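Trainee: Combine both chains into one complex, guided by the hints.
Listed in order, the protein sequences are those of chains A and B. This note's numbering numbers the first residue of the first sequence as -7 and each following residue consecutively. This note's numbering numbers the first residue of the second sequence as 59 and each following residue consecutively.
One or more of the hints may lead you astray.
[To be verified] Derived coverage of chain A by chain B (criterion: at least 3 residues anywhere in the stretch with Cβ under 8 Å from a Cβ of chain B; other residues may be distant):
id, region
1, 107 to 115
2, 198 to 209
[Said to hold, decoys possible] So the derived label-pair ranges between C-beta atoms look like this:
id, chain 1, residue 1, chain 2, residue 2, range
3, A, 167, B, 338, 21 to 31 Å
4, B, 356, A, 53, 22 to 32 Å
5, A, 52, B, 256, 52 to 62 Å
6, A, 76, B, 346, 32 to 42 Å
7, A, 172, B, 349, 35 to 45 Å
8, A, 140, B, 296, 16 to 26 Å
9, A, 169, B, 250, 28 to 38 Å
10, A, 210, B, 336, 20 to 30 Å
[As the list claims (entries may be wrong)] Simulated coverage check for chain A against chain B, where a stretch passes if three residues somewhere in it have a Cβ under 8 Å from a Cβ of chain B:
id, region
11, 40 to 47
12, 95 to 103
13, 125 to 138
14, 147 to 160
Derived from the structure by calculation, the hints contain no laboratory data. Since the structure is predicted, the reported quantities are computational estimates derived from the model, not experimental observations. We put the CB at the ideal spot given by N, CA and C, even for glycine.
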Amino acid sequence: MNPLSDVKLTRRDLLIAGALSASTAAVPLANAQPAANQSADDTSTTPAPVTTGVTFTVNGKQVSLQLDTRTTLLDALREHLHLTGAKKGCDQGQCGACTVIMDGRRINSCLSLAVMHEGASITTIEGLGTPDKLHPMQAAFIKHDGYQCGYCTPGQICSSVSVLEEIRQGIPSHVTADLNAKPLLSAEEIRERLSGNICRCGAYSNIIDAIADVGGVKA
Amino acid sequence: MKAFTYQRATSAAQAAQLVARTPNARFIAGGTNLLDLMKLEIETPAALVDVNGLGFDSIEPTTDGGLRVGALVRNTDLAADARVRKDYAVLSRALLAGASTQLRNKATTSGNLLQRTRCPYFYDTAQKCNKRQPGSGCAAIGGYTRHHAVVGASDACIATHPSDMAIAMRLLDAEVETVKADGSMRSIPIADFHRLPGNTPHIETVLEPGELITSVKLPKPLGGVHAYRKVRDRASYAFALVSVATVILPDGSGRVAVGGVAHKPWRVEEAERQMAQGAKAVADRLMAGARTTEDNAFKVALVHRTLAEAMNAAKKG
Chain A
-7 MNPLSDVKLT RRDLLIAGAL SASTAAVPLA NAQPAANQSA DDTSTTPAPV TTGVTFTVNG
53 KQVSLQLDTR TTLLDALREH LHLTGAKKGC DQGQCGACTV IMDGRRINSC LSLAVMHEGA
113 SITTIEGLGT PDKLHPMQAA FIKHDGYQCG YCTPGQICSS VSVLEEIRQG IPSHVTADLN
173 AKPLLSAEEI RERLSGNICR CGAYSNIIDA IADVGGVKA
Chain B
59 MKAFTYQRAT SAAQAAQLVA RTPNARFIAG GTNLLDLMKL EIETPAALVD VNGLGFDSIE
119 PTTDGGLRVG ALVRNTDLAA DARVRKDYAV LSRALLAGAS TQLRNKATTS GNLLQRTRCP
179 YFYDTAQKCN KRQPGSGCAA IGGYTRHHAV VGASDACIAT HPSDMAIAMR LLDAEVETVK
239 ADGSMRSIPI ADFHRLPGNT PHIETVLEPG ELITSVKLPK PLGGVHAYRK VRDRASYAFA
299 LVSVATVILP DGSGRVAVGG VAHKPWRVEE AERQMAQGAK AVADRLMAGA RTTEDNAFKV
359 ALVHRTLAEA MNAAKKG
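Okay, chain B solo, but in the shape it has when bound (with noise of 0.2 Å):
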């Protein structure tokens, strides 16, 4: 691990400020992917700036009904909250079928959103990586390519977000509120917040250098039936193959995003709308325009069954 300067924030704005006018400086919250990239030297960050200490770690009643989420809310107590379990299922089933107790416990939600979107040819520093090193190529083009990104991957990059409470939060239309280095604050749509790889993998959110995330916010609760199906090589603690997160109304109605699959949560609202039609029309407008290799054309198929074993479901209650 390279040497870094290490300071504890004493502010959310103090801390925007430092990370932005500090030469390759990084927040720090549970650090379980960036320390794990510290480690290998993927990350190389000179300075970091522990934000642990600033509160932003309870989940408050919005006025519009919905929640706001700390963002040093651990995943473990976010998954728990009797509001979450009871109001946003989804939510806590993708934040438990993720990870291992330990990582849960450390592992907040902002650091959850901004965990690197990665695949093994990034973390093996041997290999060309376009997000280790821009303009380096991609070895996992032509490489083995089981777990990698079927839509909305580019030339560049066809690496996938890990991420299982992202997919999630983008199924709930959350919206991440942040404060920038100059004091000002924000709001970024969950859908707005993940870039696709294009010619720039590097740069996976639209973060400003030093902006700082506070909490998400929920909108007010969807009802309906709420369910998070993930399917990996084992049992558990494993990355997805394939998860499709679905809220379906009453009316056969409902929202569905699908991970392990690209390079943010992939949610397509126009395939949403194609629910009446069933599950085959629904995820034929999903996936359309996948690019597969040998390796994981098997992705395709497996959205199209999770997605219709997950509406059969919701029909019989």
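Bound conformation, chain A alone (with noise of 0.2 Å):
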């Protein structure tokens, strides 16, 4: 199909269609160039894409999928669940758009692949709260303007939820001054603790205002 030729697809169609040629079919670019390491042989044969089961609890509910074994959890969310809260940013564990919460823990759902995740639970943004019932996190952001476009805000506030679970946990960070101690919830360590969530419209400081509401402290 060539989405250009029919009009009446809307923008969001296109961006659908290409989404998931992007992740179903793996067709290089026509401009792309072959990685220096692979001699013309291997480019010319592609293996067969190959498929696995994979059963996971999203948001409280469990799902079984076949996947193509390179899905991405990232993509398994968006393209397969439909869970398009969590973003893809970089792709490559940089930016932190795609972070969600896996048996307790934020973590990168870019880098990681979907069917290593058997059994897991996930949290995504849409499992945190609802437009009628907000998390106390989201209400935060929405109250300290902790976002300009938008894009990085599900992983942002998967990250400040956890962030205020691992300091209750005693997990200690880079600029925690004794590690025998408990650490504190400051502007300081917020800053640290989200340092793997960019945020290109610079919201930062609201966002560490609507994270230290939560926690109960003045930022």
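Mentor: See the structure below:
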């Protein structure tokens, strides 16, 4: 299908079609260079896709999927389960837009294969709150204007919820002065612990205010 | 990403056999480095053997007063372990200085040691790289080398090992415990685990095909003042330009290991015998024979200054 030939397609349809072809077919781009470590023989024989089954729980609901083994957890959530809250930013673990909470710990869902999470319990932004019943962190982001374009926000909020939990559990950070004392919830700690979430709009100071508010301290 | 088969391992021996006998097979644990490289088709395994279900996720005391860290203990859990924080603070500090919390939650002890020694030219598949394609040349040599190695490098490769954890492991003289495909086990001193590039920079460790890390053993605590000082271009979530791990004992003796300067964690035991002469003597010996460029000559001075600061701070307690 050439999506451009059908003018009735909405922009969203177009994006969905593009995303699906990107995630399932892995068609080489016309201008893409073969990796320098590949010989000509290697590139001419693309191995056939392999599928594997996986069952995990997402936002309290058990799901079973049959997936191309290459499918990242992020693509499984977005393309197969249509949970589009977690975002694909850099797709290499640097920006944090894809952050979800897996078995109580936040991870970059872009740097994990979906099939590796057999039996796991995953919480995405959709599982934290709903428009009618916001999670306190979601409400605090609104109250403190902790976003601008909103693209990084689901990841920021999943991280922020986890930061409070990590401090509650006494998990130290790079800026924790005394490794053997319980870490404090301070602006310095929040900054360090959120360094894996990039906000290109620069809403950082308001994000710190939102987290401090939910944590019951003044930033 | 190239297509690959995927299998969940049921035992360490089975995993080792699978990887040894399947062409182009790799273990996957946290996957945070391997998957990143697979997306770029720098790594193109035909088969992945997932070792996450094998256990190896606890930290147990050893009979000689040390700790045995399971290969699959996540970086977050190792850094936060009360015994590690108290007796091996340099290891906690090194772990916490590395990556982001999201990555530390996923990354494992063994995977951290096995992350690729790398540089931007390794990542850029349009460039020549002896690691990606042995014998193709090194585009980094003569290129932009601010982050590259200044000691132990070769004419084939000047990449640096990016792990902070491994620097502390080297300082502590940890041992890497493995099982091979034939079921035999061995313990590899961390000093011998990573290789210098020489003419074969694509071979980064002494592990044999299919050899699986099961644990890392920490010897009994050294005592003293532990520190890990990481100097980088931003305050958090960046590789070290230079990092210095130190344990300094009350009598002024101690150990020093340096990151960001070589293809592997850099420690020169002979340099440590100069501790009484001060930081300059130690750093001179550590960096002896350094080959620098205009871009990275600053690293030698930075090692001197960072070590001096660490030794001064230890004196003050």
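Trainee: None of the hints should be skipped; say for each whether it holds.
Mentor: Do the hints match the structure? See the list:
{"no.": "1", "hint": "107 to 115", "result": "holds (count 3)"}
{"no.": "2", "hint": "198 to 209", "result": "violated (count 0)"}
{"no.": "3", "hint": "A:167 to B:338: 21 to 31 Å", "result": "holds, 30 Å"}
{"no.": "4", "hint": "B:356 to A:53: 22 to 32 Å", "result": "violated, 54 Å"}
{"no.": "5", "hint": "A:52 to B:256: 52 to 62 Å", "result": "holds, 54 Å"}
{"no.": "6", "hint": "A:76 to B:346: 32 to 42 Å", "result": "violated, 56 Å"}
{"no.": "7", "hint": "A:172 to B:349: 35 to 45 Å", "result": "holds, 41 Å"}
{"no.": "8", "hint": "A:140 to B:296: 16 to 26 Å", "result": "holds, 25 Å"}
{"no.": "9", "hint": "A:169 to B:250: 28 to 38 Å", "result": "holds, 36 Å"}
{"no.": "10", "hint": "A:210 to B:336: 20 to 30 Å", "result": "violated, 45 Å"}
{"no.": "11", "hint": "40 to 47", "result": "holds (count 4)"}
{"no.": "12", "hint": "95 to 103", "result": "holds (count 5)"}
{"no.": "13", "hint": "125 to 138", "result": "violated (count 0)"}
{"no.": "14", "hint": "147 to 160", "result": "holds (count 4)"}
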